[in-house]
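There are 2 protein chains.
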Amino acid sequence: MANTPVTVAHGDGIGPEIMTATLHILKEAGARLDIEEIEIGKQVYLAGNSAGIAPASWDSLRRTKVFLKAPITTPQGGGFSSLNVAVRKTLGLYANIRPCVSYHPFVQTKHPSMDVVIVRENEEDTYTGIEYRQTDQVEECLKLISRPGSEKIVRYAFEYAKKFGRKKVTCFIKDNIMKRTDGLFHKIFDRIAPEYPEIEADHWIVDIGAAKLADTPENFDVIVMPNLYGDVLSDVAAQIAGSVGLAGAANIGEQVAMFEAIHGSAPRRAGQNLANPSGLFLGAILMLVHINQPDVAELAHNAWLKTIEDGVHTYDMYKEGISKERVGTKEFAEAVGARLGQKPETLKPVTYAANVAEADPKPIYSMPEPQKKELVGVDVFLDWWKGSFHGVANELGALVEAVNGDGLKLQTIANRGVKVYPNGLPDTFTVDHWRCRFVNDAGEGGAVTHAQIIALLKKFDEAGLDVIKTENLYNFDGAKGYSA
Amino acid sequence: MANTPVTVAHGDGIGPEIMTATLHILKEAGARLDIEEIEIGKQVYLAGNSAGIAPASWDSLRRTKVFLKAPITTPQGGGFSSLNVAVRKTLGLYANIRPCVSYHPFVQTKHPSMDVVIVRENEEDTYTGIEYRQTDQVEECLKLISRPGSEKIVRYAFEYAKKFGRKKVTCFIKDNIMKRTDGLFHKIFDRIAPEYPEIEADHWIVDIGAAKLADTPENFDVIVMPNLYGDVLSDVAAQIAGSVGLAGAANIGEQVAMFEAIHGSAPRRAGQNLANPSGLFLGAILMLVHINQPDVAELAHNAWLKTIEDGVHTYDMYKEGISKERVGTKEFAEAVGARLGQKPETLKPVTYAANVAEADPKPIYSMPEPQKKELVGVDVFLDWWKGSFHGVANELGALVEAVNGDGLKLQTIANRGVKVYPNGLPDTFTVDHWRCRFVNDAGEGGAVTHAQIIALLKKFDEAGLDVIKTENLYNFDGAKGYSA
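Note that the protein sequences, when read in sequence, are chains V and G. Residues in the first sequence are numbered from 1 upward in steps of one, following the numbering used here. Residues in the second sequence are numbered from 485 upward in steps of one, following the numbering used here.
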C-alpha cells in the first residue's frame, strides 16, 4: 500500500522526546507514512510569527491534510497568540475528539470502568472571542451557535459512534436557560439522532450531566457538547480517568485533521528522558485510524495496552505495588515496540475496522431552507449613569419615551435581563447598561423598517442619549426570534 | 432575645414533609423564629400566577427579608416561568452559596475529605437570557459581566471565608479566551484579594480548575465563579461529595436572602414519609447563621452530624454495612432532635460565631470612577447568504467597500470571529452572519461620531444590505475596549 503523507511537528519542551518515542513505535508497527516536518513553537514565535507557525508551514498542512503535533511553549510576554487557536480557525477544525479511558488497576483512578469520548464543538460559542466594553461598568461577549456548526458536530458524534461501535450518544446543553442558542443545538441533536436508530440518544442539562459525569462516568459513552461545556468537561473527564498525561485528541476539519496530546510541553521535564509519550502516542493512534491504517493502529494500541498492563510505567504513572518497572521515555517506547503482536489480558484489547466509503454518505451539514424573516423591532442599548445603582429607571424611562414616534414605541427597558420599566421595582440593582425595546406602535409583531430604526437612532442622538449597540428583533415564519 | 420574622413556604411534592421535619428540629433546638407562611408552587401556578408566587407574597418577603423555601413542582406545559429565577431577579439575589461536604465513612463518597464552598455569581453571564435569532443560521446570546456585579460576588466570597474561618478563596475563569468579560472578573478578584491578607487567594483557568475539583476536591476551600461555571461546578461538587440530596444553599441579596435544599420536589416520593430532609435542614442552618442565631445553628448542626454518624439514615443514604437504622422523614427529624446537645465524634463538630457588626464595613461594591470613553468605530453585523458556506467573502467585501465613505472605512470582515476579508482564506467555512468593522478612515483609534454611524447605516440600507445588529467600538482612557 502507498504511504500516506503526514505533517509532523516536534514542538518544544518534552515535545521532541515524546514525538521521537511515538514515531519509533509507529515505525516498528509498520505505519505507512511519508513524514514532512515543520517547525512550530517558541523559536518560530521569537522569529516574529505571532501564532508560532511560519507562513510556509500552512502549505504542508494543506498538502498532507494530516498534522501530528507535539506540545509547544508559548513565550512569555505579550503579542503572542495561541497556535492551537490559529490552526483551528485557519483550517476550520470544527470537532475536538477526546477519548477518556481508565486503565484500572494499572493506572490509579477512582473510576475503574470509565470509557468516555467527549466530542466538543470547536469553532463557536463564547469562544469566538468577540467582546466589547461599551460602558464604564459592563463587558459583553457574544455567544454564537449556528445551525450548520451544530449539524457538523452532532453529525460527527453519531458517525464517530457508528464507526467505533459505540452504543450511545449523549447531548449536554443548558436550554432551560439559553432557550435559543442551546435550544438550537438540542433541536439539531433531536433531528439527527433518529437517523442512527442503532445508537441510543439522550440528553442532560449540563449542570446535572456534568455532576453525573464526574461521579459515575461509567454511565456515559459518547458525549457531544457546545464548545465551552466541552472544554471544561473534556478536562474533567481526562483527569478523573487517570491523568491528562494519558489522553490524546483529534481535531477534525472538512479538509485537514490535527492529532495531539492534550497536555503541555512541560519545559521543566524536558531533555531528561522522563516524559510519558502516551498522550501523543494515543493521538497518533487516532491519526492512524483517520488515515485508514486500522491494522497498524490496532497492533500498536494493543502493544501499548500490554505495556501498561505489564507495569512498565514512566514516572508519572509509576505507583509502588502496582507498577513493575520504572522506565524513561525511550525505554517505554522500546517496551511498546517489543510487545507488538501481543494483546492485553486484563484490559480490553482494541479492534479497529477499515474506513468504509459509503455509497450515499450523509452530508455533514444541510443547505438552509430559509424561513420568512420579518423585522418587527429593535433593542437599543444605552450607556446611562445617574450616580446610583437603584431607583433611576423611571427617570430613564421618561427620557426614552420622549424619542418615541414615527411608528415605533418603547415597550420595555431592561437592565441585565431584568425588566425595570414600566412598572419596575425600586429595589432592583441596575448598572449603566440599559436595553430599550422598541416595537411597532400598532402592536408587537407589526412590521418595522430599517429606515424607521435609523430615524429612531437619530432621535436618540439628538436627545443626547448614548446608543452603544443595537439588536434587531425578527420573527421567523411568524414566530418570535428573540427572548423576552 | 426577640424572635426573628421569617417567611416559610412548604412547596410541593416532598416539600411539606421535609419542611415539617426541618421546622421540628429548629423548634426543638430553640430557634427564635416568627414564621409567616406563604404558598408557592403548583397550585399557585395553576391559579394563574406565571411565576408560581402570588403578588401578595412579595410583601412578606420584603418585610421579613428571610425566606426558607421548600422545593416546588412547576406544572407541565408552557407559560410557566421559573419561580427561582423570578425570586432571584426580583429581589436581586446576587450570590448563590453552596457548601459541599463529604461525611465519610458514614455516607458513601469517592472523596472522603471534601469540604468545598461554591460561591456562584447569580445575576449575570449568559444567564441573563438575552437571545436573538437574526439570520436563518445563527442564534446569539449575550454574556454580560459587570464591574459592580463582580465586586459584589468576589467581596461576598472573601467575607464568607473570613466569617466562617476559611483559609483560601480560589477564582475560576476562562480569561485566556474571554479576555474582557472573564478578564474583568479576574481583575476584580486580584484587586479585592489583598484586602484579606489572612486568606490565601489563587485562580485557575476553569477547565483545569474543574478537572482538579472533580478529581481532588480536598485541595479546594472556597471557590468563586461567574454564573455559568458556578452552575455546572456547584452541581459537580455536591454530587461528588455524596449526593445532591445532602446539600443546602443560600441565595443572598442586598436586602433579602433565600435558603433552600438544592434538590427538587420528587413528586414520586411525596407523602410516604421517605424523603431525606437534610438538604433543606442544612439550608436552614445557613439561615440561622445569617439571622445571627449561631447558638441554635451549632446545636442543631452538631446533632444532625451525630445522627449521620450514628448511622440513622433515610433510604437515600442507607447502605448495608455502614448504616445502622433505616428511618423515615419524621423519625429522622426526631433522631436529630433527640441528639440536641451531642456532638459528633468521628466527623468534625461545627462551631458558629455571632455576626460581628464592623465599625467600618467594606462596601459591597464601589462607586465608579469613570474613564475617558471615546467612540472609535462600529461593528455592523449583516445577514447575507449567497448559497455557499465557502469562498463568498470577497464578493461581500466588494459590496461593503461600496458603502465606505464620510470618514469611516471598512477595516475587516469576520465570520464567527474569523477574519475573512481582506486576504481571507478560501477554505474558511462561513455562515450567513457577518461582522463588518468600520473605523476612522484616518486610522484606527481616531474619533467617530454617532451621526457618522447613522449615516453609514443609511448607506447599508440603500445598498440593500440587511443590517441585523451593531456594536460600537470604544476606547477607554486610550485603551481599546474591543477584541480583534
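Worth double-checking, as some hints may not be accurate.
[To be verified] Restricting the straight-line Cα-Cα distance to at most 20 Å, the calculated cross-link-like pairs of lysine to any residue (SDA-like) are:
#1 856/G x 216/V
#2 459/V x 572/G
#3 671/G x 129/V
#4 903/G x 82/V
#5 373/V x 870/G
#6 696/G x 208/V
#7 942/G x 480/V
#8 459/V x 939/G
#9 348/V x 218/V
#10 943/G x 454/V
#11 458/V x 931/G
#12 187/V x 620/G
#13 179/V x 572/G
#14 594/G x 391/V
#15 480/V x 613/G
#16 386/V x 572/G
#17 671/G x 459/V
#18 663/G x 208/V
#19 663/G x 410/V
#20 857/G x 187/V
#21 480/V x 907/G
#22 459/V x 613/G
#23 179/V x 855/G
#24 373/V x 947/G
#25 964/G x 383/V
#26 803/G x 216/V
#27 373/V x 874/G
#28 458/V x 942/G
[As the list claims (entries may be wrong)] Covered stretches of chain G, going by a simulated chain V footprint (3 or more residues, C-beta under 8 Å):
#29 637-646
#30 693-699
#31 834-846
[What the hints assert, rightly or not] Here are the computed distance ranges between Cβ atoms for each label pair:
#32 447/V x 872/G: 28 to 34 Å
#33 3/V x 927/G: 30 to 36 Å
#34 54/V x 883/G: 32 to 38 Å
#35 757/G x 268/V: 23 to 29 Å
#36 681/G x 76/V: 25 to 31 Å
Hint data in this document are derived by calculation from the structure and do not stem from the laboratory. Since we're looking at a predicted model, the values are computed, not measured. Here a beta-carbon is modelled for each residue, glycine too, at the ideal position from N, C-alpha and C.
Structure-based check of all given hints:
no.: 1; hint: 856/G x 216/V; verdict: violated, 52 Å
no.: 2; hint: 459/V x 572/G; verdict: violated, 35 Å
no.: 3; hint: 671/G x 129/V; verdict: holds, 18 Å
no.: 4; hint: 903/G x 82/V; verdict: holds, 15 Å
no.: 5; hint: 373/V x 870/G; verdict: holds, 16 Å
no.: 6; hint: 696/G x 208/V; verdict: holds, 18 Å
no.: 7; hint: 942/G x 480/V; verdict: violated, 26 Å
no.: 8; hint: 459/V x 939/G; verdict: holds, 13 Å
no.: 9; hint: 348/V x 218/V; verdict: holds, 15 Å
no.: 10; hint: 943/G x 454/V; verdict: holds, 11 Å
no.: 11; hint: 458/V x 931/G; verdict: holds, 18 Å
no.: 12; hint: 187/V x 620/G; verdict: holds, 15 Å
no.: 13; hint: 179/V x 572/G; verdict: holds, 19 Å
no.: 14; hint: 594/G x 391/V; verdict: violated, 49 Å
no.: 15; hint: 480/V x 613/G; verdict: holds, 15 Å
no.: 16; hint: 386/V x 572/G; verdict: violated, 24 Å
no.: 17; hint: 671/G x 459/V; verdict: violated, 37 Å
no.: 18; hint: 663/G x 208/V; verdict: violated, 28 Å
no.: 19; hint: 663/G x 410/V; verdict: violated, 34 Å
no.: 20; hint: 857/G x 187/V; verdict: violated, 42 Å
no.: 21; hint: 480/V x 907/G; verdict: violated, 37 Å
no.: 22; hint: 459/V x 613/G; verdict: violated, 28 Å
no.: 23; hint: 179/V x 855/G; verdict: violated, 36 Å
no.: 24; hint: 373/V x 947/G; verdict: holds, 19 Å
no.: 25; hint: 964/G x 383/V; verdict: holds, 17 Å
no.: 26; hint: 803/G x 216/V; verdict: holds, 18 Å
no.: 27; hint: 373/V x 874/G; verdict: violated, 23 Å
no.: 28; hint: 458/V x 942/G; verdict: holds, 11 Å
no.: 29; hint: 637-646; verdict: violated (count 0)
no.: 30; hint: 693-699; verdict: holds (count 5)
no.: 31; hint: 834-846; verdict: violated (count 0)
no.: 32; hint: 447/V x 872/G: 28 to 34 Å; verdict: holds, 30 Å
no.: 33; hint: 3/V x 927/G: 30 to 36 Å; verdict: violated, 51 Å
no.: 34; hint: 54/V x 883/G: 32 to 38 Å; verdict: holds, 34 Å
no.: 35; hint: 757/G x 268/V: 23 to 29 Å; verdict: violated, 59 Å
no.: 36; hint: 681/G x 76/V: 25 to 31 Å; verdict: holds, 27 Å
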